[in-house]
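As they're listed, the protein sequences go chains A and B.
Reading the first sequence from the start, the letters are residues 1 to 185 in our numbering.
Reading the second sequence from the start, the letters are residues 1 to 155 in our numbering.
A portion of the hints provided could be inaccurate.
To be verified - Capping the alpha-carbon separation at 25 Å, the derived lysine to aspartate or glutamate pairs in DMTMM-like fashion look like this:
#1 K161/A - D123/A
#2 K161/A - E71/B
#3 K161/A - E27/B
#4 K161/A - E141/A
#5 K161/A - D7/B
#6 K161/A - E38/B
#7 K161/A - E45/A
#8 K161/A - E70/B
#9 K161/A - E142/A
#10 K161/A - E67/B
#11 K161/A - D143/A
#12 K161/A - E75/B
In case anyone wonders, no lab produced these hints; they're calculated from the structure.
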Amino acid sequence: MDPDRDDAARLRRGDTAGLAGLMGRHQDRLFRYLLRLLGDETVAEDAFQQTWLQVAERIGRYDAARPFGPWLFTVARNLALDHLRRRWPESLDQVDEPEAPGGPEGDPLAHAVARQQGARLADAVAGLAPLDREVLSLRFEEDLALPQLAETLGVPLPTAKARLYRALTRLRGRLLARAPAEDWR
Amino acid sequence: MSGHVTDRLPLAAAEALDPAEAARVEEHLRECAACASEAGAWHRLAEGLGRMPSPRPSRALVARTVEAVEERLAERREGAWNRAALGFLVAFAWTLAVVSWLLLDLVTGELALRLDRPVGPTAAWYAAYMIAGWLTAGAAAVLLGRRAHEEGRIA
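Just chain B, with the same shape it has in the complex:
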């Protein structure tokens, strides 16, 4: 008779031995009453583990979970829409600022040409005021966009 296989019996009961090893254990168990008895105890334990009381989630827990996930998905959809809208607004603001700059240059330049004199200080100040306003609006749009992005990431 070969040596005892006591140390292989827990894994044999768990069907976690490779086929060759399992065959060796089986062969030994046919010849060794002591190991066969020990194997029986391990098998009873393994069977018992498969029959333990099986707790299930309560309906209330499942309902709460579904509600929480739906809420999260809705937030995600809203966040995606907000990001898209904000992106559009930022792009629109910058486009407007650049186009307006060109238009201002065109109008004041044309006007100056038509009047055959340089642009006066009032018009220059007005242009500077407009440009500052546009740049401020553009910067604000970028800052708001970044903040919204960070808040979305945190949430």
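This is chain A alone, in the form it adopts within the complex:
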């Protein structure tokens, strides 16, 4: 039996061991997704906690015939988007102005880490619009194939494709603007 379904059934009966199982399997990817989407660790932590509270509240509505992961991400996404809409009522598609290159000061180790390509890339991703960050995180970090990506975003396949394309081109443009000599060219 699928351990997620088993644990969801236990949670539905009020057994917190079911919650422990679900959290153990999904907490890292959920937190990473929320952090990428919300772009702020404190807010992501709050959304993380709210997501699991809502999961416990709404587990009765979860259709056990479907995988748990996309349902969990949909719950998290709705909470995160509500927060973002309150914060930026105008648009979630808005790109921040690129920040000046630079990293943490005073800590040699942090400097060394920040110099790594992955960290620079994460920094560039953090400067994208929330919806761009979201689609990149779901595709490349959560490794969702396009149909699952579209389902999680709640959009048709062509829209998911268009969002992915737009996020990638915006990201590359941003990287080239900040460090044109690097191999993103």
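Could you slot chain B onto chain A? The hints should help.
Chain B alone, transformed into the frame defined by chain A:
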């Protein structure tokens, strides 16, 4: 050589093209050095995205979350028990009121028959007082039940 496929390369790197389109792009890349170089850059970007530093929730956050959910589940269980208990009490109060009404009618009617005279004003007032008391208790039970239900919904 067919036309360049530059605009398809981001999605190709993301493995988000349908199979036929991906095959066309692959075929073109074998013939076009410029597009192949561009495809390399997109692939490096895609690989880099998969290797970004991966933040994880702290143990303290996970512990706080588990605690909060357990608390919520306990509240839900308590709320369900309270609703059931209140429902029983309301049903009991109304049953008692109706049964008592019938009993009162039976007793006072029997008594009146036995004494062969109508029920006096004292007994009538007493009956009215009892009935008013029961109705008040019943109404209070309903109101309390509704309030508890609303509070539960808000929480």
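Evaluation of the provided hints:
no., hint, verdict
1, K161/A - D123/A, "holds, 23 Å"
2, K161/A - E71/B, "violated, 41 Å"
3, K161/A - E27/B, "holds, 22 Å"
4, K161/A - E141/A, "holds, 16 Å"
5, K161/A - D7/B, "holds, 13 Å"
6, K161/A - E38/B, "holds, 20 Å"
7, K161/A - E45/A, "violated, 29 Å"
8, K161/A - E70/B, "violated, 40 Å"
9, K161/A - E142/A, "holds, 16 Å"
10, K161/A - E67/B, "violated, 39 Å"
11, K161/A - D143/A, "holds, 15 Å"
12, K161/A - E75/B, "violated, 43 Å"
Checked against the numbered hints above, the structure violates hints 2, 7, 8, 10, 12; every other hint is satisfied.
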